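Chemist: Letter by letter, the chains look like this.
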Amino acid sequence: MSDAVIVVALLLVAACATAAVAQRDPARQALVLSVLGLFLAVLFTVLQAPDVGLSQLAVGSALTPLLIMLSVRRTRRRGRTKEGPE
Amino acid sequence: MNGWILAATVELAGGGAAALWGVTTGPTGRRVIAQNLATSALCPALLLLSQGYGRPSYVDLALLLALLGPVGTLVFARLLAAELERERPSAWALTWAAAGLGAVVVAAVCAATAPGRATVKLLVVGALLIGGNVIASRALSGGFQGVRGG
Amino acid sequence: MNRLRLWLLAVGGAGLTALLVAACPGLPRFGGRSHPYGERAVRASLDRHTANTVASVNFDQRAYDTLGEMSILFAAVLGCVVLLRQARDEHRARPEPAAVARPVRRYALIVLPVALVTGLYVVAHGQLSPGGGFQGGVVAATALHLLYLGADYGALERVRPLAVYETSDALAVCAYLVLGLAGVLAGTAFLANTLLPYGTFNTLSSGGAVPLLNAAIGMEVASAVVVLLATFLDQAVEIEEKQGS
Amino acid sequence: MHHLLPLLAALPLLGAALLVVTGRHLPRAAAETTGLVFSGGTAALALVLTLNSSPPMVEWVGGWLPVDGESVGIVVVGDGPALGMAALVSLLTVAALAYSWRYFAEPPPGHPGAFTALMLVFQGAMCGFALAGDLFNAFVFFELMSVVAYALTGYRIDEARAVQGALTFGVVNSLGAYAMLMGIGLLYARTGELAMTKIGRGLDTAAAGHGGPDGLVLASFVLVLTGLLVKAAAVPFHFWLPDAHAVAPTPVCMLLSGVMVELGVYGVWRVYGTVFAGPGGIPAADLTRALVTLGTVTAAVGAVMCWYQRHIKRLLAYSTVAHTGLFLVALGVLTPEGDDGIALYVVGHAGVKAALFACAGILLDRYGSVDEHELHGRARELPGVAVMFAVGAVGLAGLPPFGTALGKGVAEEAVGGPLTVVYVAASAITAGAVLRITARVFLGLGPRPRDARSDLETSGTGERPETSGPLRRIPDTMRTVPAVLLAAAFAVGVVPAFGGLVARSVNEAGSGGAHASVRWTAHGILLGLASTALAAALAALAVTRPRWVAAPGWAVPLRRLQSGHVGDYVAWLLMGVTVLGALALPGVLGG
Amino acid sequence: MQILPYLVAAYVFLVGCYGLATSRNLIHTVGCLSVCQAATYVLLLAVGYRDGATAPVFSDVEPGSRPVVDPVVQALTLTDVVVGATVTALLLALVLQVAKRHGTVDPDELRELRG
Numbered sequence: 001m002s003d004a005v006i007v008v009a010l011l012l013v014a015a016c017a018t019a020a021v022a023q024r025d026p027a028r029q030a031l032v033l034s035v036l037g038l039f040l041a042v043l044f045t046v047l048q049a050p051d052v053g054l055s056q057l058a059v060g061s062a063l064t065p066l067l068i069m070l071s072v073r074r075t076r077r078r079g080r081t082k083e084g085p086e
Numbered sequence: 001m002n003g004w005i006l007a008a009t010v011e012l013a014g015g016g017a018a019a020l021w022g023v024t025t026g027p028t029g030r031r032v033i034a035q036n037l038a039t040s041a042l043c044p045a046l047l048l049l050s051q052g053y054g055r056p057s058y059v060d061l062a063l064l065l066a067l068l069g070p071v072g073t074l075v076f077a078r079l080l081a082a083e084l085e086r087e088r089p090s091a092w093a094l095t096w097a098a099a100g101l102g103a104v105v106v107a108a109v110c111a112a113t114a115p116g117r118a119t120v121k122l123l124v125v126g127a128l129l130i131g132g133n134v135i136a137s138r139a140l141s142g143g144f145q146g147v148r149g150g
Numbered sequence: 001m002n003r004l005r006l007w008l009l010a011v012g013g014a015g016l017t018a019l020l021v022a023a024c025p026g027l028p029r030f031g032g033r034s035h036p037y038g039e040r041a042v043r044a045s046l047d048r049h050t051a052n053t054v055a056s057v058n059f060d061q062r063a064y065d066t067l068g069e070m071s072i073l074f075a076a077v078l079g080c081v082v083l084l085r086q087a088r089d090e091h092r093a094r095p096e097p098a099a100v101a102r103p104v105r106r107y108a109l110i111v112l113p114v115a116l117v118t119g120l121y122v123v124a125h126g127q128l129s130p131g132g133g134f135q136g137g138v139v140a141a142t143a144l145h146l147l148y149l150g151a152d153y154g155a156l157e158r159v160r161p162l163a164v165y166e167t168s169d170a171l172a173v174c175a176y177l178v179l180g181l182a183g184v185l186a187g188t189a190f191l192a193n194t195l196l197p198y199g200t201f202n203t204l205s206s207g208g209a210v211p212l213l214n215a216a217i218g219m220e221v222a223s224a225v226v227v228l229l230a231t232f233l234d235q236a237v238e239i240e241e242k243q244g245s
Numbered sequence: 001m002h003h004l005l006p007l008l009a010a011l012p013l014l015g016a017a018l019l020v021v022t023g024r025h026l027p028r029a030a031a032e033t034t035g036l037v038f039s040g041g042t043a044a045l046a047l048v049l050t051l052n053s054s055p056p057m058v059e060w061v062g063g064w065l066p067v068d069g070e071s072v073g074i075v076v077v078g079d080g081p082a083l084g085m086a087a088l089v090s091l092l093t094v095a096a097l098a099y100s101w102r103y104f105a106e107p108p109p110g111h112p113g114a115f116t117a118l119m120l121v122f123q124g125a126m127c128g129f130a131l132a133g134d135l136f137n138a139f140v141f142f143e144l145m146s147v148v149a150y151a152l153t154g155y156r157i158d159e160a161r162a163v164q165g166a167l168t169f170g171v172v173n174s175l176g177a178y179a180m181l182m183g184i185g186l187l188y189a190r191t192g193e194l195a196m197t198k199i200g201r202g203l204d205t206a207a208a209g210h211g212g213p214d215g216l217v218l219a220s221f222v223l224v225l226t227g228l229l230v231k232a233a234a235v236p237f238h239f240w241l242p243d244a245h246a247v248a249p250t251p252v253c254m255l256l257s258g259v260m261v262e263l264g265v266y267g268v269w270r271v272y273g274t275v276f277a278g279p280g281g282i283p284a285a286d287l288t289r290a291l292v293t294l295g296t297v298t299a300a301v302g303a304v305m306c307w308y309q310r311h312i313k314r315l316l317a318y319s320t321v322a323h324t325g326l327f328l329v330a331l332g333v334l335t336p337e338g339d340d341g342i343a344l345y346v347v348g349h350a351g352v353k354a355a356l357f358a359c360a361g362i363l364l365d366r367y368g369s370v371d372e373h374e375l376h377g378r379a380r381e382l383p384g385v386a387v388m389f390a391v392g393a394v395g396l397a398g399l400p401p402f403g404t405a406l407g408k409g410v411a412e413e414a415v416g417g418p419l420t421v422v423y424v425a426a427s428a429i430t431a432g433a434v435l436r437i438t439a440r441v442f443l444g445l446g447p448r449p450r451d452a453r454s455d456l457e458t459s460g461t462g463e464r465p466e467t468s469g470p471l472r473r474i475p476d477t478m479r480t481v482p483a484v485l486l487a488a489a490f491a492v493g494v495v496p497a498f499g500g501l502v503a504r505s506v507n508e509a510g511s512g513g514a515h516a517s518v519r520w521t522a523h524g525i526l527l528g529l530a531s532t533a534l535a536a537a538l539a540a541l542a543v544t545r546p547r548w549v550a551a552p553g554w555a556v557p558l559r560r561l562q563s564g565h566v567g568d569y570v571a572w573l574l575m576g577v578t579v580l581g582a583l584a585l586p587g588v589l590g591g
Numbered sequence: 001m002q003i004l005p006y007l008v009a010a011y012v013f014l015v016g017c018y019g020l021a022t023s024r025n026l027i028h029t030v031g032c033l034s035v036c037q038a039a040t041y042v043l044l045l046a047v048g049y050r051d052g053a054t055a056p057v058f059s060d061v062e063p064g065s066r067p068v069v070d071p072v073v074q075a076l077t078l079t080d081v082v083v084g085a086t087v088t089a090l091l092l093a094l095v096l097q098v099a100k101r102h103g104t105v106d107p108d109e110l111r112e113l114r115g
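Chains as they are written, first to last, in UniProt numbering: chain A, 1 to 86; chain B, 1 to 150; chain C, 1 to 245; chain D, 1 to 591; chain E, 1 to 115.
Don't read these hints as lab results, they were simulated from the structure.
These numbers were taken from a predicted model, which means no experiment stands behind them.
Check each hint, because a few of them may be wrong.
Selected chain E positions facing chain D (in silico; Cβ < 7 Å) [unchecked claim]:
(1) 4
(2) 17
(3) 44
(4) 51
(5) 76
(6) 91
Sample of chain A residues facing chain C (criterion: CB under 10 Å; computed from the structure) [said to hold, decoys possible]:
(7) 4
(8) 11
(9) 18
(10) 24
(11) 49
(12) 51
(13) 54
(14) 59
(15) 61
(16) 63
(17) 66
(18) 69
(19) 70
(20) 72
(21) 73
(22) 77
What follows is a set of in silico ranges between Cβ atoms, one per label pair, in the way DEER data are often shown [said to hold, decoys possible]:
(23) E:66 with D:209: 27 to 35 Å
(24) C:163 with D:468: 24 to 32 Å
(25) B:104 with A:7: 20 to 28 Å
(26) E:65 with B:119: 21 to 29 Å
Every residue, glycine too, gets a C-beta built ideally from N, C-alpha and C.
Bound-form chain A, shown alone:
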């Protein structure tokens, strides 16, 4: 019974990973990936690994989404200038 919380966290991670792969638009995928990062952090907490949970939070909640979104912005901006001046 005390494993229930682990099961919940595991299932959330599995579902979220599926969703992250299924989102084909990178900006939307970045949103799902940031939620996946949160779920992973919770999973690490219930697996009694707070150190890893902290680093996952630090990386997954702001850093990785920021990197991906900046890349998306750069590639989209490129597409826009190719079509012509705004």
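Dock chains B, C, D and E against chain A, hints included.
Modeler: Chains B, C, D and E only, in chain A's frame:
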């Protein structure tokens, strides 16, 4: 298995599933709101887990999430500003409900711990969580305008 | 979609699935009690007065792994600086200032110092409670970027002399290596934690060289993340291709 | 002495960090000198340690000496093969740095030492991987080596192909590394240890309980080997290699083809020998089946694809694939002679292949092209380079008394039987392709070849020189380095004591303590001469009668597989995992 | 429950591989790679878990008063998380350059490096 962990499990299952559903469906604006609410759902769950495991040091996780979660949402609000400007998503009822949930959990955990430095930390977490979420919602419904070059 | 790729994917995926599933029954039961290396690590950590066993494994017992991990970060940042340099056909454009709603701006400016202090706290308590140089360093570096979120890129650039961060990134790597070499010079071994007193259990100065290595990692990670984000922000905000190229 | 072992990884890293600290204020020449000093110092240290590696050294980093056979630290092994690889890596890095002396057009602004610093990190990572005696530590240095290699491959960001190749390289190799980490996780679950020897012993103890290896051993074996074979570019994990090696800057190519790929093979040898060789691991027959099959296919595919290239660097990259296949075959037969043979072959091959890439780099920087068709006859003015290219070609074919010939001869005797044909054919075809290039590009022989279907091949035209503008005069450093490398490959075969030394140290570290002697045999010399003659004949045929050796229909699907699409390569990687699992399955079922 | 965490790790790895092979956008490819890596975290930590144990951090519990989980896998996972973040950054940098030089981030439209 104690009450704290049970509460955390329920919150994790409910909040997590709702956030996951919200973030994978619908227009972009709604997805960002769901991402924001994931923070407000999971941060109290982390506090409950810390209490349930009897490990005050786990509060650091909630602290970090309360700090960085809204920052992450601001990233999306900033870099998706053009799309959000069109949609102007807002879900104030949900935001305040989540804020209320956070307040209740913080109050409950505070009541269960002896007053001292731990209480101050919990209150800081609560303030950051609620403040951050409200501001992030504000930012989504038109916090950034005219963001082109910057 | 290419038909061949789908077939390969189906067969290969099925094979990998079979392989991984076949491995599952052989795995020890989830939650089992046999962790010989883990138990030794806990004993070794307590012997050296380090309260956070994970920090002891990272910065003492397996500090050589952390040297590799730190070098990966160092190399990746150097690689990003090299890969995202301004190419021949690009120029820099000043970004326009952004209009940010006042509550958002105020929030960013209030949270910035809080996040910086939290980052330092997480680094400083690395050998006691969960956290450490890596986690705290990322938080501190992310905090700085609240300036970009709450104000605009110009404001961030004013507080971010990039050369200083690049230098401190490399200096932290040097510091870690020099701490390791001190062990060799003293005749024990590379990265040996035997030169400093182990201090009182569960205080900030406990664990011998662990707090020093931890601080070096904190400095390295914070500077590295700032430089990393700077190269990406430059690409997203400032560097533009010349028209007609 | 053994306390100095971790310094082989630490010194280059320190040099790189110092270069970045002082980078802004150093003039370029000073930065490059610093790089040479650190890399040369490490090479000297590696050589000194190699000469003292008998009996093998062991160092516990951090001074965590085992108590009652148990330690919590990381073990670094300093036996002959490990230190020999580290020495080879270091010497080749010195050569590459000397070759790139004041080489690139414009260093990144504010970072005149960035390229040198990355090369030093690369050297440190490869040395660290070679010495690793702990499986997770090996993974860390493996990943460090990969990360630096991605950055170095994409160094010329103005080139469309360079960045695409680097990205493909990055995705495929990272996935391979994660597969390896999954395997390490499974092994840790079974044994609760990370030091390779302890894992091996743990597997044996566990197997003694329930009789032989089970699914978990098989899965971990396949996953760990996947990571290493991706690095070693065995078919079907090889697709990234031509894409990356053909586009990387020339000094980087010298390291990638010369030692990094071979480190993958070395990793297979090390991991199988210490972890999976016991009764609880994978039976020898299964390893032989897996490696000989994959190795033969790799050699065949590499040789065929090599022959049909017109992009010279890509051609050399495929020849590396073919030779990796040969290494894997000799490794797979699990005899002391086989191990000695590949050790020598790897050393000789590193010198020859690096020299060939260096010559291709001269062509690129002189003419702004590495296309066989476009350069037809244009390089007549470079007789010195022509001689080096031809010598490199016969070295590749295994003409006695090159080091490659000695190694190949010993390996051929070890594998014996029909597999000898694979050796002769693969080395002859790859060397024939290089000789064909020599004849056409440097001598202008034969008619100018006509362009074939452009959707099937990558041409070498329109490349940009790596220097600032095409070179009018070839700098002395760029001429000297390939000459020295070829001389070294020659010396490996000629110096009589060298072969014996290598064989002794390899057999001392592995091969179950059995000693084999390494010497020139009539059999090996004849086969080496036969390969060279065959290569010359093929080249002559290609130049004089191009239609006879034009691409037949059956080669088209093979060439189409190399699609440049990263999704295809990932699908092939999964397929490779399945094939590897199937090849190793019988022993597990039988056990 | 006995093997559920391991199955989840295997599933996540496979899903990530599927995404990598079928991706139509290189930024998405990099995201899928980080999904694959998440599988390694789950596997390692699941291996180190122990029923009823707590984190091996003794700042707020007496050493020896409660059983603790394996700290070694946590240190390994920590290293792994850092590696994942840096590899993501480096690959995204390469994707940006691909976008600039090829004008597309769709791997199907890249027309170089064939044969």
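Chemist: Output the indices of the hints that this structure fails to meet, ascending.
Modeler: Violated hints (numbers, rising): 1, 4, 7, 8, 9 and 10; every other hint is consistent with the structure.
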